[in-house]
Structure formats: C-alpha cells, structure tokens
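Chemist: Spelled out, the chains give:
6 protein chains.
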Amino acid sequence: MFSVTVRDHIMVAHSFRGEVFGPAQRLHGATFVVDASFSRPDLDADGIVVDIGLATDQLKAVLGELNYRNLDDEPAFAGTNTTTEVLARTIADRLADAVASGALGAGAHGLTGITVTLHESHVAWAAYERSLPGGTGGGAA
Amino acid sequence: MFSVTVRDHIMVAHSFRGEVFGPAQRLHGATFVVDASFSRPDLDADGIVVDIGLATDQLKAVLGELNYRNLDDEPAFAGTNTTTEVLARTIADRLADAVASGALGAGAHGLTGITVTLHESHVAWAAYERSLPGGTGGGAA
Amino acid sequence: MFSVTVRDHIMVAHSFRGEVFGPAQRLHGATFVVDASFSRPDLDADGIVVDIGLATDQLKAVLGELNYRNLDDEPAFAGTNTTTEVLARTIADRLADAVASGALGAGAHGLTGITVTLHESHVAWAAYERSLPGGTGGGAA
Amino acid sequence: MFSVTVRDHIMVAHSFRGEVFGPAQRLHGATFVVDASFSRPDLDADGIVVDIGLATDQLKAVLGELNYRNLDDEPAFAGTNTTTEVLARTIADRLADAVASGALGAGAHGLTGITVTLHESHVAWAAYERSLPGGTGGGAA
Amino acid sequence: MFSVTVRDHIMVAHSFRGEVFGPAQRLHGATFVVDASFSRPDLDADGIVVDIGLATDQLKAVLGELNYRNLDDEPAFAGTNTTTEVLARTIADRLADAVASGALGAGAHGLTGITVTLHESHVAWAAYERSLPGGTGGGAA
Amino acid sequence: MFSVTVRDHIMVAHSFRGEVFGPAQRLHGATFVVDASFSRPDLDADGIVVDIGLATDQLKAVLGELNYRNLDDEPAFAGTNTTTEVLARTIADRLADAVASGALGAGAHGLTGITVTLHESHVAWAAYERSLPGGTGGGAA
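Protein chains in written order, with this note's numbering: chain A, 3 to 143; chain B, 3 to 143; chain C, 3 to 143; chain D, 3 to 143; chain E, 3 to 143; chain F, 3 to 143.
If you're looking for bench data, these hints aren't it; they were derived computationally from the structure.
There could be a bad hint or two in this list.
Straight-line Cα separation of at most 25 Å, SDA-like style, residue types lysine to any residue; simulated pairs [said to hold, decoys possible]: (1) Lys62(D) - Asp59(F); (2) Lys62(E) - Ala26(D); (3) Lys62(A) - Lys62(C); (4) Lys62(B) - Glu21(A); (5) Lys62(D) - Glu21(D); (6) Lys62(C) - Gln27(A); (7) Lys62(E) - Phe79(E).
So the derived label-pair ranges between C-beta atoms look like this [unchecked claim]: (8) Ala102(D) - Ala63(F): 31 to 39 Å; (9) Thr82(A) - Pro25(C): 41 to 49 Å; (10) Asp75(E) - His124(D): 35 to 43 Å; (11) Gly66(A) - Pro135(C): 57 to 65 Å; (12) Glu67(F) - Ser133(C): 17 to 25 Å; (13) Lys62(E) - Pro77(D): 46 to 54 Å; (14) Ser103(E) - Gly104(A): 40 to 48 Å.
Everything numeric in this text was worked out from a predicted model, so none of it was measured.
Ideal Cβ placement from N, Cα and C applies to all residues, glycine included.
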C-alpha cells in the first residue's frame with residue numbers, strides 16, 4: 003500500500019457542550035495542523051499516488067471553508083460538537099467528495115483510502131480513516 | 003476508524019542482557035516520549051473517541067509507576083529485558099486494564115484498540131498495537 | 003550563558019482590529035505552544051539554571067489565566083490586539099513577576115533573562131526576549 | 003503487532019517526466035528523511051522486533067547506494083520517475099532483500115512487514131507498506 | 003527584543019567544489035526548510051513585528067527564484083559554492099532588500115534584524131543573522 | 003553572524019543530590035538529543051562555517067565518552083550533579099578543546115562561538131553558549 007500526505011493548518015474558535023469537556027465548554031480556540039493522507043495499492047502511470055499539487059490545493063480549499071472562523075456559528079455544524087475527531091471526519095469526507103468530483107485529477111480515481119489527522123497541540127491529536135467508493139478501503143500507514 | 007492520541011514521557015535507567023544489545027548491556031538510560039492512541043469505529047454521543055482529560059490522566063498514572071526509576075530493580079520486569087518494545091506493550095496493556103476498570107469513563111467501553119509508541123531518540127521508536135476485549139481490534143493509524 | 007526551557011500550551015479564541023490582519027479580524031482561535039526560556043551566566047550551587055519543576059508549575063499557572071478563554075473578553079487586554087507578539091511579552095512579563103516574587107525559588111534570583119516563544123502553527127512563531135531586574139540582560143540561546 | 007522504526011536521510015538530485023509534475027520537471031533535488039519500520043506479531047527471545055543496530059546499518063547501506071547522487075543517471079531507475087513513492091518502494095524492497103539475506107540477523111526472519119516513509123519537506127511525505135515472504139503481512143502503525 | 007518567524011521550503015540540486023565536501027562534490031540535492039525571523043525592539047501600533055502575510059509572501063517570492071532549480075546553473079552563484087550557509091545569507095540579504103523596498107509594508111521599516119535558518123536534514127542546519135540599515139542590529143532569539 | 007548546527011544523541015543513567023531534584027534523586031536516565039552549533043562572523047574560502055563532516059565526527063567522539071553509561075560512576079563528574087545544564091557545558095568545552103586541537107580542521111580556527119543544546123524530552127531542554135579563544139564570542143542563534 004502506498005500513501006502520500008500533505009500538511010496545512012487552520013485557526014478556529016469554538017466551544018463544546020457536555021460536562022466531559024470541562025473548561026473547553028467556554029469559547030476558546032485552536033490551531034489544527036492538518037495532515038491529509040491519500041492511499042492506494044498501486045501507483046499510476048506517472049509513478050505517483052496522487053497529483054501532490056492538486057492534493058495540496060484541494061486541502062487548502064477544504065480548510066479555507068473553516069479557517070479564521072468561529073465554528074459555533076457555522077450552519078454545517080449546528081447541534082454538533084466540533085471536536086478534533088468530528089473535524090477530522092468532516093475534512094476527510096470533503097476531500098473524498100473532491101476526489102469523486104475529479105478535483106484531484108483523473109488519476110485520483112485509483113485512490114482507495116483517506117486518513118486525516120488533526121494535531122491540536124504538541125501533546126494531542128486525532129485521526130479519521132475512511133475508504134473511498136470504488137476502493138477496497140485501507141487507510142494510510 | 004477514529005483515533006485520539008495523547009503524549010507524555012518518562013525518564014528511566016535500565017540495562018539489557020544479550021550480546022545483541024552491545025554497549026546497551028551497560029547500565030544506561032532513556033527518555034521515552036510516549037504516544038498513547040485510542041481507537042474505535044464510531045464516535046460516542048459527545049462526538050469523541052475518549053475523554054481526553056481522563057486519557058491524559060490515566061497515561062500519566064501508568065507512566066508514574068515507571069518514571070524516575072531503574073527498571074532493573076522493578077519486580078514487574080524481573081527476568082525480562084525492558085526494551086522499548088516490551089515497555090510499549092506493558093504500557094498498552096496497563097492502559098487496556100484502565101479502560102476495562104472504567105478509569106477512562108463509561109464511554110471508553112466503545113474503544114476497540116490501543117497503540118502505544120515510545121520514541122527513544124530523534125532517530126528510533128517502537129510501537130505496540132493491540133485490540134481491546136469486546137472490540138473487534140484494529141489500532142490507530 | 004546558560005538557559006533552560008520548558009514547554010506548555012494554551013488554546014484561546016480572539017480577533018484582531020486593523021486591516022493588516024485580513025481574515026484574522028474575524029473571531030477565530032489558536033493553539034499556542036509556549037516555550038519559556040530562563041537564562042543566567044552561571045549555574046547555582048545545585049548545578050542548575052532554575053528549579054525546572056517550579057518553572058514548569060509557574061508557566062502552567064501563568065498560562066492558566068489565559069487558557070480556554072476568549073481573549074477579546076479579558077480586561078487585561080482591553081484595547082490591545084492579542085497578537086502572538088503581545089502574548090509572548092505578557093507571558094514573559096508575568097514570569098518575570100513570578101521570579102521577583104520568589105515563586106521560582108530563591109536560586110532564581112540569579113536569572114538574568116527570559117525569552118518566551120509562542121508557536122502558532124508549524125509555519126509561524128513569535129518570541130519576546132527581556133532582561134530581569136538585577137540581571138544584566140541577555141536572552142536564551 | 004509490534005514495530006521498530008529507525009530514521010536516516012539522503013540528499014539527491016533528480017527530475018521528473020510528465021506534465022503533472024509542473025516545475026519539478028526541471029532538474030532539482032531533495033533531502034529525504036527516511037523512516038524504516040519493521041513489524042512482527044511477536045517479539046523474539048531477546049524481547050525485540052529486530053536488532054536495531056543491524057537495522058540502522060542496513061538502512062544506511064541501502065541509502066548509501068542513493069545518497070549524494072543524481073538519480074537521473076542511475077541505471078536502476080532508467081525510464082522511471084524517481085518520485086517519493088517510487089523511492090519508498092525501492093528502499094522497502096531492498097530492505098526486504100536484506101532481511102531475506104540474513105543481513106538483519108537470524109531473528110529478523112520473524113519479521114512480517116516493512117513500511118518506509120520518506121519525508122520530502124515539513125509539509126509532504128509518502129510511504130510504502132509491504133509484507134515479507136513467510137510473514138502474513140501487515141505493516142507498522 | 004521581539005521576533006516573528008515564518009517557514010517555507012525549497013527543493014534544489016547543486017554540487018560543491020573543494021575536497022572538504024567529499025561525496026557532496028557530486029551533483030546531488032536538498033530540501034531546505036527555511037525559517038525567516040524578523041526582529042525589532044518594539045512593536046508597531048498594531049501590536050506586531052511585521053505583517054505576517056507580507057512576510058510569508060515575500061519569503062515565498064525570494065524562495066521562488068531558487069526553487070526547483072539546479073543552482074550550479076544560476077548566474078547569481080557563478081564561482082560560489084551554494085552551501086547552506088551561503089544560501090542562508092543570500093536569502094537574508096534578499097529579504098533585507100524587500101524590507102528596504104517597502105514590500106513588507108511601511109511598518110517593516112522598524113525592523114532591526116533578520117535571521118535566516120536553513121534546515122538541510124533532521125540532523126543539520128545553518129543560520130545567518132544580520133542587522134538592517136537604520137536598525138541597530140540584533141537578531142532573533 | 004553565521005552558524006552551523008549538527009545533531010546527535012546519548013542515552014545515559016544518573017541521579018542527582020539535592021532536595022530541589024525531587025524524584026530525580028533516584029537513579030533514572032535520559033536520552034539527550036544534542037545540538038552543537040558552531041558560529042563565526044564570516045565564512046571561510048570554501049563558503050562554510052566548519053567542515054560539517056568533521057563537526058559531526060567530533061560531536062560523536064565527544065558523546066561517545068558519555069553514551070550508554072551511568073554518569074554517577076564517571077570520575078569526570080565526581081561530586082557534580084550531571085544536570086542537563088552541566089552536561090551542555092561539558093560537551094561545549096570538550097568541543098572547544100577539539101577545535102583548539104585542530105580536530106575540526108584548520109578552517110575551524112575562525113570559529114568564535116559554540117552553543118550546545120540538550121533536549122531531555124519534548125517539553126524541556128537546556129543550552130550553554132560560550133566563546134572560543136581568539137574569537138570575540140557570540141553564540142549561534
């Protein structure tokens with residue numbers, strides 16, 4: 003299995019509902035350093051997993067919809083805690099949509115999995131790994 | 003599959019038996035930067051993998067039994083080389099016990115896997131990945 | 003010159019006033035990974051720059067007054083942009099007060115400089131370096 | 003599953019053929035920081051995955067055949083784009099040959115998987131994961 | 003003293019003349035992860051060292067003249083070894099020119115120093131620190 | 003001012019005397035990731051601060067006298083706490099001796115400063131900066 007990963011980041015405000023979150027129930031914020039991994043069992047004819055330029059651009063586009071915002075005000079997350087885990091899934095699903103739409107190039111249809119990792123600090127991070135339609139699943143190492 | 007990882011560290015002395023260890027047969031020491039990853043296929047009702055506060059506390063508690071010690075003197079490791087691999091398994095198993103005991107909260111019973119990675123330097127690390135009873139296995143990405 | 007540095011972090015919300023800030027004029031947030039460096043020309047009788055346990059505790063105490071908050075609502079910052087630079091100075095000055103108050107131990111009176119670095123992402127950070135009263139200045143390496 | 007990872011690096015020149023590579027079609031270069039992970043389900047009698055000294059030496063030997071070279075001139079890559087993905091597979095396959103030849107020690111025959119990750123910058127990396135003959139597959143976390 | 007640092011990278015080919023360089027006399031390459039630090043004794047009216055957006059843009063512009071190239075073919079370096087040290091100075095000097103030209107904004111005229119650090123691998127880096135005309139010197143921490 | 007830094011590491015056991023050290027009075031250990039920075043105001047005729055190959059070799063030689071040892075048993079440290087700060091000074095002084103002896107090459111006589119940083123974990127490090135005889139002082143950034 004091959005994978006390619008690109009890194010970018012967002013800076014957002016949000017708050018959580020639920021006693022389990024303790025002081026994070028207050029409005030606070032985070033920088034999420036985001037790693038998006040794309041995987042597939044074989045390389046394409048150019049010897050790549052995905053066009054890394056397009057992957058970088060699409061990750062930036064997906065993150066651009068979240069960046070420099072208060073996520074408590076975003077309709078897409080109404081009634082949902084925007085935990086690191088939830089954001090990882092949201093970003094992975096939106097990247098999967100971008101793959102399906104052709105935005106990562108024709109070769110990207112060979113992709114079988116996406117893993118998105120969000121680093122919220124030097125001591126905590128979360129990841130979500132999913133398969134892609136048409137792929138047989140299996141995320142990046 | 004979702005995962006959440008928290009990081010902490012220990013500083014220990016130890017020595018190894020066996021020619022394969024070369025100069026590490028002498029009493030020496032290590033800082034192990036420890037990453038504990040908890041995984042599960044779905045999020046709980048709060049939108050999380052595990053209470054990250056409890057996960058951090060329990061990792062600190064497990065590491066507290068090892069920290070600032072000469073592992074050669076610890077009865078739990080009598081007759082065993084405390085290699086990075088062995089320590090990763092020990093920490094993972096003790097965290098699994100903590101999950102089973104309820105110390106990571108009721109929601110943690112949905113966890114299916116734990117991976118523990120010990121970084122012994124900037125150029126070497128080891129990991130151990132295990133499933134949890136009741137879970138279907140599968141470690142973190 | 004010797005220095006000792008300890009690392010911790012905060013997660014805050016804020017917004018900026020001024021066209022120079024572009025989209026960061028919106029309410030957003032950041033994780034700041036904070037490095038506090040303490041420096042002095044000579045070591046004390048124990049062979050240390052500062053009691054690293056007290057330094058860690060005092061950094062946590064200073065950060066605790068900022069953590070999990072919307073800085074736009076903090077009276078201490080009324081009328082001030084809480085830029086990474088401003089926060090670095092605030093944290094350094096509060097640590098300097100802690101040194102003066104004796105909270106870092108009697109030996110800490112030999113400290114001559116403090117440098118605080120705030121990492122706002124994997125691609126941007128800011129630092130503030132200051133001398134301590136009684137010290138001759140000189141920041142950390 | 004256990005894994006052990008060692009890190010080293012190479013500094014190479016190369017160019018790519020194919021419009022997808024944009025400006026990287028020009029002769030340029032890269033530092034690849036290389037992580038080689040060895041995995042197996044159980045530890046050997048010494049409590050290790052692999053002799054880390056031999057693993058480090060063999061990784062250095064494999065990288066020595068690539069280091070400080072223009073990969074466009076290497077016969078082994080004639081007609082092939084030396085993408086990060088292709089190099090990850092090449093290094094993993096050569097390490098697998100080293101395992102088979104006994105160069106990582108007799109205990110290394112218990113290895114079941116190798117994953118090689120090449121970091122080409124602070125914002126991009128690629129990995130290749132493969133099973134080993136006699137092993138049941140499954141790479142490192 | 004305050005500083006702000008931004009990070010970007012280049013991927014270049016080159017070779018060195020001189021026996022001291024050993025195998026690096028061959029055509030090879032490197033990824034240089036580049037940290038550009040801007041410093042000044044006081045903040046401007048917005049509470050910043052420099053417009054971080056402009057600093058990021060100008061660093062990218064300066065690096066764009068070097069990126070994805072064989073530096074042996076660049077007239078600017080004719081007769082000069084493009085060592086990490088030389089490249090750090092070149093980038094710092096070009097950023098100083100950008101400051102002087104107003105490309106980092108009017109506020110940037112308060113800058114007194116620039117430090118550029120080039121990381122060539124996980125185990126080696128070089129830096130060049132210089133003052134700015136009109137400034138009293140003093141680089142970033 | 004220019005600097006070049008190389009990184010290596012040691013794994014040692016030790017204990018401390020003094021109540022300030024708390025649990026670190028027990029025999030424990032540490033991995034120290036060691037950064038040795040060499041600085042000078044101008045480059046030599048080859049365009050370098052120091053022969054990076056010799057610098058790497060000499061750092062390894064100096065560290066080899068400490069590595070895989072219990073520092074409590076080393077005569078050189080009798081009656082001295084081998085704190086991170088003390089070890090940083092010891093390593094810097096031994097590197098200064100190596101420079102004076104010619105072990106870093108003839109060009110190294112232009113060096114004016116050495117800074118040694120020891121990372122004891124992901125959240126703590128210490129540094130010692132010194133001038134070199136014949137040099138005018140001033141350590142690396």
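Chemist: Work down the list of hints and note, for each, if the structure agrees.
Modeler: Quick rundown of the hints versus the structure:
no., hint, result
1, Lys62(D) - Asp59(F), "holds (16 Å)"
2, Lys62(E) - Ala26(D), "holds (17 Å)"
3, Lys62(A) - Lys62(C), "violated (34 Å)"
4, Lys62(B) - Glu21(A), "holds (22 Å)"
5, Lys62(D) - Glu21(D), "violated (33 Å)"
6, Lys62(C) - Gln27(A), "holds (20 Å)"
7, Lys62(E) - Phe79(E), "holds (19 Å)"
8, Ala102(D) - Ala63(F): 31 to 39 Å, "holds (35 Å)"
9, Thr82(A) - Pro25(C): 41 to 49 Å, "violated (23 Å)"
10, Asp75(E) - His124(D): 35 to 43 Å, "violated (26 Å)"
11, Gly66(A) - Pro135(C): 57 to 65 Å, "violated (47 Å)"
12, Glu67(F) - Ser133(C): 17 to 25 Å, "violated (36 Å)"
13, Lys62(E) - Pro77(D): 46 to 54 Å, "violated (37 Å)"
14, Ser103(E) - Gly104(A): 40 to 48 Å, "holds (42 Å)"
Comparing the model with each earlier hint shows violations of hints 3, 5, 9, 10, 11, 12, 13; every other hint is respected.
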